[in-house]
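Kindly produce the complete structure, drawing on both the sequences and the hints.
In case you want the letters, here they are:
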Amino acid sequence: MRRAAFLAIAAVALLALAELALPQVLNRYYATIGVRILVAVLAATSLQLVNGFTGQFSIGHAGFMAVGAYASAALSVYLGAGWLEALQSVLPQPLARLAYFPLPLLAGGLAASLAGLVVGVPSLRLRGDYLAIATLGFGEIIRIAILNVDAVGGARGFALSAPAGVDLRYEGLGMIGAVVVLSLLVMARLVYAPGGLAFRAVREDEIAAEAMGIPTTRVKVEAFVVASFFAGVAGALFAHAEGYVHTNSFTFVRSFELVAFVVLGGLGSFTGAAIAAAGLTAAPELLRGLGEWRMILYSVLIIATMILRPQGLLGSRELSLARLRRRPGTAAAGAG
Amino acid sequence: MSGDLLVLDSVTVRFGGLTAVSALDLRVGPNELVALIGPNGAGKTTAFNIITGVYAPSAGRVVFAGREIGGERPHRICRLGIARTFQNIRLFAGLSVLDNVQAALCGGQRSGVADVLRGPGWRRRQQEHAARARELLAQLGLERFAEARADSLPYGEQRRLEIARALATGPRLLLLDEPAAGMNPSEKEALRGFIARVRREFGIAIVLIDHDIPFVMNLCDRVAVLDHGEKIAEGAPEKVKRDPRVIEAYLGADGAHA
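These protein sequence lines map, in sequence, to chains A and B.
Using numbering that gives the first Met the number 0, the first residue of the first sequence is number 0, and each one after it goes up by one.
Using numbering that gives the first Met the number 0, the first residue of the second sequence is number 0, and each one after it goes up by one.
Calculated from the structure, these hints are not laboratory results.
All the given hints hold, so there is nothing to weed out.
Computed footprint of chain A on chain B; a stretch qualifies when at least three of its residues, placed anywhere within it, have a C-beta under 8 Å from a C-beta of chain A:
1) 84-96
2) 114-124
Away from chain A, derived, C-beta distances all over 12 Å, residues of chain B:
3) Gly2
4) Arg26
5) Ala64
6) Glu67
7) Tyr154
8) Asn183
9) Lys187
10) Glu188
11) Ala189
12) Asp220
13) Gly234
14) Lys240
15) Ile246
Using C-beta positions, here's what the derived DEER-type ranges look like:
16) A:Tyr28 x B:Pro153: 51 to 61 Å
17) A:Gly136 x B:Asp211: 43 to 53 Å
18) B:Gly70 x A:Asp128: 28 to 38 Å
Cβ coordinates follow ideal geometry from the N, Cα and C atoms, glycine included.
What follows is the structure, encoded as structure tokens:
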């Protein structure tokens, strides 16, 4: 895990470099797709924590993305624009922006985790299908509630408009990537630790977990709140990259998409969910040349994966350098 | 009274109109091995479920180590020092054998923040945990399965692992719900030796449920017999075996006359 931390720091440094270099190489179209992929990866991996690792089937995750998106956007528009302007008057512009943008992300995450707590405490008493339906319902309730708040634009959507000289949009791929990598590291460390076994124990057998001294209700709520936090961060990234949010981006269709990423990637695998999220977000764009055939091919891709790999792309394993290197050794041990 | 680890004081459990356990008195001393036997539906597992907090007693008191625990949540009761196994094995099937034990070892005292930050000492603590889990597996003869998935183990070893997992929580009282279920005579014999060893090496009290008297005969200090939710006999196995009410419960009234 120390190696993982090192790798993560290296990745962040690399991404910071990419931040400077990428705009020279990528045109806007690719940059936008890049952001969407990163947002999808973060949202899918956060849902993986609940669905794949804790075994609680939630299908309303887009609701928490919406909370994060709108809370961060509101903060930026009503307070942040002034703060950013003040920061820019004392710091060089890139630094001022770097200092400011973690704030709305954090605010979006915190608002979403609060929503996760409020939704999670009553719904996590339910199991299986009942929990799924409850989360679906809450996801829609959140969306419709936001749709009716005039302060964030209501049905018109909410643009991140700011006074001249202040740009509330942030679409730097490098730093967005860094946020996603750091978030993944936090979630992976939480799960892949002796204490994190509690999540998987709850997934495997809740009654046995409780009997072994694991406070199952708390563990479930914890997973839900942490997942909501990172869904909120994903929503905040999305809002600030697009510069405009609308509740239509967070319908149950989006929630189902996230569930599809998680299941296709393999329940209980962060890297699997990330790969599926990236692949399936990019696929419609890559298939664009096929015209009207592309949605059919997209569906075929999903069906084929489910037939060929019913346990998901990676099953419950993680893709890691250590595993790839170890593989021959493990095979020998298995044969012996 | 003062010397007893576990005291059930006229505990009653009702589910609607059905009285599953009626005014049950039971005492278990430290390091005592008590068997709870009785026909199907006698209320044996219900008694376990009350002790471990799955159900709250409708009436009566459950006292463990001088502390009333009736109605506490199961995970709290586990942390107070009562661990159990299940009639139908409930392992963390998809986890490795080692992780099953580790989950029980540190699932109750986890800190997500410490796991994320991984400050100084975290790695050492983690290694200590793993070492303790391996030690426990070695003690119970399961170390060669450490990396295997729990559900890939042979049946008898799964039972053993369930006991190992329960022991990992550091109990003073271990409840075994039909540990011999589905075993052939030679496996049962091995299990008897295993249970006796666990009691000796861990110095804990054990209550075990079984159907038949022969299994518990030379193993237990004391046998309590339940029938229709009531305790109909209690005492040394030899004595209980000859009790007419016990014979009646097992063979029916005619059998008792025959």
